[in-house]
Amino acid sequence: MDVREYSTLPVDELVSRIKRAKKKKNAVLLVHNYQRMEVQQLADFLGDSLGLAREATRTDADIIVFCGVDFMAETAKILNPDKKVLLPDHRADCPMARMIDAPLLTEAKRKYPGAVVVTYVNSTAEVKALSDICCTSSNAIKVVKSLGDKQIIFTPDKNLAEYCRQHTGADIIPWEGHCYVHDQFTTEDVKIALEMHPDAIFIAHPECRMEVLSIADHVASTTGMVNFVTDNQDEIREKGIIIGTEIGLVEQINTEYPDLPLYPLTSTAICATQKLTNLAKVAWCIETQSNEIILDEEVRCRAYGAVKRMIDIS
Numbered sequence: 001m002d003v004r005e006y007s008t009l010p011v012d013e014l015v016s017r018i019k020r021a022k023k024k025k026n027a028v029l030l031v032h033n034y035q036r037m038e039v040q041q042l043a044d045f046l047g048d049s050l051g052l053a054r055e056a057t058r059t060d061a062d063i064i065v066f067c068g069v070d071f072m073a074e075t076a077k078i079l080n081p082d083k084k085v086l087l088p089d090h091r092a093d094c095p096m097a098r099m100i101d102a103p104l105l106t107e108a109k110r111k112y113p114g115a116v117v118v119t120y121v122n123s124t125a126e127v128k129a130l131s132d133i134c135c136t137s138s139n140a141i142k143v144v145k146s147l148g149d150k151q152i153i154f155t156p157d158k159n160l161a162e163y164c165r166q167h168t169g170a171d172i173i174p175w176e177g178h179c180y181v182h183d184q185f186t187t188e189d190v191k192i193a194l195e196m197h198p199d200a201i202f203i204a205h206p207e208c209r210m211e212v213l214s215i216a217d218h219v220a221s222t223t224g225m226v227n228f229v230t231d232n233q234d235e236i237r238e239k240g241i242i243i244g245t246e247i248g249l250v251e252q253i254n255t256e257y258p259d260l261p262l263y264p265l266t267s268t269a270i271c272a273t274q275k276l277t278n279l280a281k282v283a284w285c286i287e288t289q290s291n292e293i294i295l296d297e298e299v300r301c302r303a304y305g306a307v308k309r310m311i312d313i314s
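For the sequence shown, the working numbering begins at 1 and goes up steadily by one.
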């Protein structure tokens, strides 16, 4: 069947096909927090980039179906060269990851020959291969602190780089990349949200601009946000919470805690490529074993060191 034919099938049949194919083929579904709720609900493991990278190293499945964007699936393949890694929609890329490439990073390394390269996991395998260590929003500060007083080229997210500099005092040369979802948040958005919910806690993702982070009550990765809500339900029930990240995470928390007053910072914070994946594409992908991630082995081996160091330090 063509993927378009799968889209005509009822939801119940798609869910049954996915569950049946997973069992038959010994496959696992790793699902990012920004995915559609219909996909999140079928996850074997649901989380942020760091959590899913960890799970990719632990699974005994033969096939990893990665419901996220391409750099996440590539990271799973970097860590699991002998496993088949599938991406339900090959168009699901990360715009920020395209804001740097191997030639540009090579040029930067020539310009700053003594600098250590820290690369956000939101990057291509080729860029990771030229990096000393990777990081995620969960452990970026810890990674930077581990490097002592070394000069750091931090790619590709300028906002996460500045957040790390503010909290470590490190000598960081930031790349000029950004996440278009988080970079769109403004202090005016926060002002409007707080006018509507004046007692609410404001929690923001570290990919936001510094002027937004500076007025946040808490800064956390998506998993950190989930944990914060879980640990502070009484306070949130009393005050409410404004969540400054992609809408999929807000929907996930709202499903888990429907009685809590949760408010997205804006309702337009949507990662379009994360939403490309749906049940029809997951069913098609796993049944036909389509859209396999293939990496050059030399690139994979060089990238492995940077990714493994990231996991070890977390």
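Wrong hints could be hidden among the right ones.
[To be verified] Computed cross-link-like contacts, DSSO-like style, restricted to lysine-lysine with a CA-CA straight-line distance of at most 30 Å:
(1) Lys145 with Lys111
(2) Lys308 with Lys84
(3) Lys84 with Lys109
(4) Lys83 with Lys23
(5) Lys109 with Lys150
(6) Lys22 with Lys83
(7) Lys275 with Lys109
(8) Lys24 with Lys83
(9) Lys275 with Lys23
(10) Lys111 with Lys142
Bear in mind the hints are in silico, worked out from the structure with no lab data behind them.
Cross-check of the supplied hints:
The suggested pairing of Lys145 with Lys111 holds, with an alpha-carbon distance near 23 Å, which does not exceed 30 Å. This hinted pair checks out: Lys308 and Lys84 have alpha carbons roughly 19 Å apart, not beyond 30 Å. Restraint check for Lys84 and Lys109: not satisfied, since their Cα atoms lie roughly 33 Å apart, outside the 30 Å limit. Our distance criterion of 30 Å between C-alpha atoms is met by Lys83 and Lys23, whose separation comes to about 16 Å.
Distance check on the hinted pair: Lys109 and Lys150 sit about 14 Å apart at the alpha-carbon level, within 30 Å; holds. Distance restraint check for Lys22 and Lys83: the Cα-Cα separation of roughly 14 Å lies within the 30 Å cut-off, and the hinted pair is therefore satisfied. For the given pair, Lys275 sits about 35 Å from Lys109 by alpha-carbon distance, which is inconsistent with the 30 Å threshold. Between Lys24 and Lys83 the alpha-carbon distance is near 16 Å, which keeps this suggested pair within the 30 Å criterion.
For the hint linking Lys275 to Lys23, the alpha-carbon distance of about 25 Å falls within 30 Å, and the restraint holds. Using a Cα cut-off of 30 Å, the hinted pair Lys111 and Lys142 holds, with the two alpha carbons roughly 26 Å apart.
In summary, the structure is inconsistent with hints 3, 7 from the numbered list given earlier, while agreeing with the others.
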